[in-house]
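Q: If you count the sequence shown from 1, position 58 lands on 56 in this note's numbering, and the numbers rise without skipping.
Errors might be hidden in some of the hints.
Claimed, not checked - Derived Cβ-Cβ restraints for the label pairs, each shown as a range: (1) Leu244 - Thr70: 36 to 46 angstroms; (2) Pro5 - Val105: 40 to 50 angstroms; (3) Asp3 - Ile35: 46 to 56 angstroms; (4) Ser148 - Pro5: 36 to 46 angstroms; (5) Phe233 - Leu55: 20 to 30 angstroms; (6) Thr270 - Glu66: 43 to 53 angstroms; (7) Ile35 - Glu58: 26 to 36 angstroms; (8) Glu165 - Lys249: 10 to 20 angstroms; (9) Leu245 - Asp133: 31 to 41 angstroms.
Said to hold, decoys possible - Within a straight-line C-alpha distance of at most 25 angstroms, the following computed DMTMM-like cross-link-like pairs (lysine to aspartate or glutamate) qualify: (10) Lys109 - Glu149; (11) Lys166 - Asp102; (12) Lys166 - Glu149; (13) Lys249 - Glu268; (14) Lys21 - Glu149; (15) Lys109 - Glu67; (16) Lys249 - Asp269; (17) Lys166 - Asp246; (18) Lys109 - Glu96; (19) Lys166 - Asp194.
Everything labelled a hint here was simulated from the structure, so no lab data went into it.
For glycine and all other residues, C-beta sits at the position ideal for the given N, C-alpha and C.
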Amino acid sequence: MTGIDAPRVRTRHFAQAKATGHKISALTSYDAMTAAIFDEAGIDLLLVGDSAANVVLGRETTLSVTTEEMITMARAVSGATRRALVVVDLPFGTYEAEERQAVDTAVRFMKETGVAAVKVEGGTEMAGTIRRIVDAGIPVVGHIGFTPQSEHALGGAVIQGRGAAAEKLRADARAVQEAGAFAVVLEMVPAQVATDITAELDIVTIGIGAGNGTDGQVLVWQDAFGLNRGRTARFVRQYADLGSQLLDAAKHYAADVGNGQFPAAAESYEDTK
C-alpha cells in the first residue's frame, strides 16, 4: 500500500526508499478532511500545493495565491496528519527576490503551519536560494521541468526537456541536489529523460507527467479522483468519479427538500423531557 514503512515519514526515509527501490506515493491536499483520509490510506507525502489557486479558489493560474491563504491550508493539513510528510509550496513572489526573502518565507511556514518541508520551483537559478533555506534547517523539495509559477515565461503548459533541452534539465536536477534538496519534482518531461535523471541523482525524484521511471509519483487529488469535471492532462489517471457522485447526491438532496421528504421524523427532535 505504501512505499515507506514508518510511523511518521521523515526526510531520511526518502533516501531509504530510493535505496531499496520502494516507490513513493504523493497527493496534494488542502484541508483537514482529505488530509486525514489520505494519511489513513498510507500516502507518503502530502503536498499543500499552490495548485490550490486553481482547484480550491477557482483561479486561472497559481500566481495569485498568497502566503496567508497557503498558511491556512497548510495548517489544516498538518494538523490532520499523523504519518505522511507534509510539504508546502512557497507562493510566487515570496522567495525569488533574494535569498533572505526566501528564508524568511520558509521560516514563517515552518513556525505557523507545522509542515515538515517547503517546495521551491526552479533549477540552477534557484540553487543559492535552496542552499540558504537548507542552511537555515528547513528541508527543501525542488521542482523542475514545467514550473507552473513560470507558466507565462514558458509559453504555457509545455513539455520541457525534449531534445537538446534535456541537458539543461539534467543540469537543473544536479544543481537542486547539490544545493541540498532531499527530493525534486519532475513535471511534464519525457519519460526517458526523467528515468535517466533518476538514475543519476542520489536524491528522490517525484514525477508528474514524467513517466514511470521516477522514484515516486504525485497527482492533484481532484484530478485523480474525478472531482475536477473539466479537461485533465494526459498524465492523469482517474481512480474515482467523485464529481458525478457528488452531483447525484446534491440533486437527491435538493429533490428531498423540494418535495418535503427531508427532514423526516428520524432527523427531527421531539418536544419531550
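Q: Confirm or reject each hint.
A: Results of checking the hints against the structure:
Between Leu244 and Thr70 the beta carbon distance is about 23 angstroms. The supplied range of 36 to 46 angstroms is therefore violated. For Pro5 and Val105, the hinted distance range of 40 to 50 angstroms is not satisfied, since their beta carbons lie about 27 angstroms from each other. At about 20 angstroms, the beta-carbon gap between Asp3 and Ile35 misses the expected band of 46 to 56 angstroms. The hinted range of 36 to 46 angstroms is satisfied by Ser148 and Pro5, whose Cβ atoms lie roughly 38 angstroms apart.
For the hinted restraint 20 to 30 angstroms between Phe233 and Leu55, the CB-CB distance of approximately 23 angstroms keeps it satisfied. Between Thr270 and Glu66 the Cβ separation comes to about 48 angstroms, which falls inside the hinted range of 43 to 53 angstroms. The hint said 26 to 36 angstroms for the Cβ distance between Ile35 and Glu58, and at roughly 28 angstroms that hint holds. Separation of Glu165 from Lys249 is about 53 angstroms and departs from the stated range, judged on CB atoms against 10 to 20 angstroms.
Separation of Leu245 from Asp133 is about 49 angstroms and departs from the stated range, judged on CB atoms against 31 to 41 angstroms. With a C-alpha separation of about 30 angstroms, the suggested pairing of Lys109 with Glu149 is violated against the 25 angstroms cut-off. At most 25 angstroms may separate the alpha-carbon atoms for a hinted pair to count; Lys166 and Asp102 exceed this at roughly 29 angstroms. Proximity of Lys166 to Glu149 is assessed by CA-CA distance (about 18 angstroms); at most 25 angstroms being required, the pair is judged to hold.
Restraint check: the Cα-Cα separation between Lys249 and Glu268 comes to about 28 angstroms, which exceeds 25 angstroms; the hinted pair is violated. With a CA separation close to 29 angstroms, the supplied pair Lys21 and Glu149 exceeds the 25 angstroms bound. Proximity of Lys109 to Glu67 is assessed by CA-CA distance (about 15 angstroms); at most 25 angstroms being required, the pair is judged to hold. Using a Cα cut-off of 25 angstroms, the hinted pair Lys249 and Asp269 is violated, with the two alpha carbons roughly 31 angstroms apart.
In summary, the hint linking Lys166 to Asp246 is not supported, as the alpha carbons are separated by about 48 angstroms, beyond the 25 angstroms threshold. A distance of roughly 20 angstroms separates the Cα atoms of Lys109 and Glu96; the hinted pair therefore holds under the 25 angstroms criterion. At most 25 angstroms may separate the alpha-carbon atoms for a hinted pair to count; Lys166 and Asp194 meet this at roughly 13 angstroms.
The structure shown violates the earlier hints numbered 1, 2, 3, 8, 9, 10, 11, 13, 14, 16, 17.
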